[in-house]
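S.K.: These protein sequence lines map, in sequence, to chains A and B. Under the numbering used here, the first sequence has 78 at position 78, and the numbering climbs by one with no breaks. Under the numbering used here, the second sequence has 57 at position 57, and the numbering climbs by one with no breaks.
Since the hints were derived computationally from the structure, they do not count as laboratory data. There may be inaccurate statements among the hints.
If we take Cβ atoms under 10 Å as the criterion, some of the chain B residues that face chain A in the derived model are [as the list claims (entries may be wrong)]: (1) Ser18; (2) Ala21; (3) Asn29; (4) Ala45; (5) Leu47; (6) Val48; (7) Lys60; (8) Gln71.
If you anchor each label on the Cβ, the simulated ranges turn out as follows [what the hints assert, rightly or not]: (9) A/Gly24 - B/His88: 23 to 29 Å; (10) B/Glu151 - A/Pro71: 27 to 33 Å; (11) B/Ala108 - A/Glu26: 57 to 63 Å.
The C-beta atom is built at its ideal place from N, Cα and C for all residues, glycine as well.
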Amino acid sequence: MRVLLVDDEVELVETLAERLEMRGIETAWASECDTAMELLDKQEFDIALLDVRLPSMNGLELKRLMEAKRPAMKFIFLTGHGSEEDFKACSAESGQQYYLIKPVQIEVLMAKLNEIFQG
Amino acid sequence: MDPTFDAASTLGLQFSGSMTASISHELKNVLAIVNENGGLLGDLAMLVEKGRPLDPERLKTISGNIHRQVQRADVIIKRLNRFAHSAHEQASSQDIREIFAFTAALAARLATMKGVTFAVVPGDPVQAEVRPFALENLLWLCLKHLFAVTEGDRTV
């Protein structure tokens with residue numbers, strides 16, 4: 001499984017990537033949308049984990065751009081917002097069912113990644 | 001109700017809402033980083049149990065990461081506390097330049113989201129009789145307007 005992590009908090013994506021690598025998942029990360037799109041041009045990914053609030057564009061907009069390039073790719077959104085209801089509404093609108101609220105437990109993330117990858 | 005007072009109250013509430021939402025988001029990020037670093041320590045401990053050697057420098061780096069995030073949270077919470085107290089401060093002689101710097105720090109994350117960076121130019125204090133919250137709110141309205149009219153990466 002190859003996963004692309006995108007979050008403007010560099011320390012967060014760096015550490016999360018290391019922990020996922022320890023669990024046998026190939027990862028790459030970006031802290032900016034442009035870098036994420038460049039990575040997408042060079043590498044194949046099965047799943048992207050996107051922060052909802054990113055500088056320059058939000059995670060939903062980035063998802064649309066990525067989806068245009070890689071239609072088979074799956075997405076998980078990561079949000080810091082406490083309001084789960086708001087994000088459910090946002091997810092439903094985009095046809096996206098996968099989201100996690102920060103801070104996320106690695107076991108929960110792994111379960112979600114496996115569910116999507118096998119699904 | 002006095003319509004002027006009502007409009008000012010509404011703007012003040014909107015301002016407070018924007019700032020506290022942004023601060024809560026930033027604190028969530030801090031928690032997420034601490035959570036991952038704590039988790040990484042657990043992962044490394046498990047590897048040690050399985051016999052893999054552990055470089056003490058690795059532990060120092062992780063400890064330093066956690067310490068830095070705790071300091072970051074401390075700064076954010078102090079800023080939030082000052083902001084909250086400014087709402088009930090009466091008009092008094094204030095350093096306008098310092099309030100501008102404080103508001104810029106308060107709104108920095110929202111600015112970053114809009115591709116805007118604030119640069120606070122150092123200089124002599126400028127004293128004036130103001131209500132801090134009113135000035136912070138006024139400055140925020142100006143900054144919000146700037147976000148709307150600027151495009152791309154800009155420094156204000």
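S.K.: Does the interface hint hold: is B/Leu47 within less than 10 Å of chain A, judged Cβ to Cβ?
M.R.: With Cβ-Cβ at 8 Å, under 10 Å, it holds.
S.K.: Does the Cβ distance between B/Glu151 and A/Pro71 fall inside 27 to 33 Å?
M.R.: The hinted range 27 to 33 Å holds for B/Glu151 and A/Pro71, with Cβ atoms some 30 Å apart.
S.K.: Take the C-beta atom of B/Ala108 and the C-beta atom of A/Glu26, compute their distance, and say whether it sits inside 57 to 63 Å.
M.R.: Hint violated: Cβ distance 35 Å, outside 57 to 63 Å.
S.K.: Given a hint of 23 to 29 Å, does the C-beta separation of A/Gly24 and B/His88 actually sit inside it?
M.R.: Hint violated: Cβ distance 55 Å, outside 23 to 29 Å.
S.K.: Is the interface hint satisfied for B/Ser18? The criterion is a beta-carbon contact with chain A at less than 10 Å.
M.R.: Status violated, d = 13 Å.
S.K.: Next item in the hint list is B/Lys60. Is there a CB on chain A closer than 10 Å to its CB?
M.R.: 15 Å, violated
S.K.: Have a go at the B/Val48 hint: is there a Cβ in chain A nearer than 10 Å to its own Cβ?
M.R.: 13 Å, violated
S.K.: For the hint on B/Ala45, does the least C-beta distance to chain A fall short of 10 Å?
M.R.: 12 Å, violated
S.K.: Once the shortest beta carbon distance from B/Asn29 to chain A is found, is it less than 10 Å?
M.R.: At about 5 Å, which falls below the 10 Å cut-off, the nearest Cβ of chain A leaves the hint on B/Asn29 intact, so it holds.
S.K.: Does the interface hint hold: is B/Gln71 within less than 10 Å of chain A, judged Cβ to Cβ?
M.R.: Since chain A brings no Cβ nearer than about 13 Å to B/Gln71, farther than 10 Å, the hint is violated.
S.K.: For the hint on B/Ala21, does the least C-beta distance to chain A fall short of 10 Å?
M.R.: Holds. Min distance 8 Å.
The structure does not agree with the numbered hints 1, 4, 6, 7, 8, 9, 11 stated previously, though it agrees with the rest.
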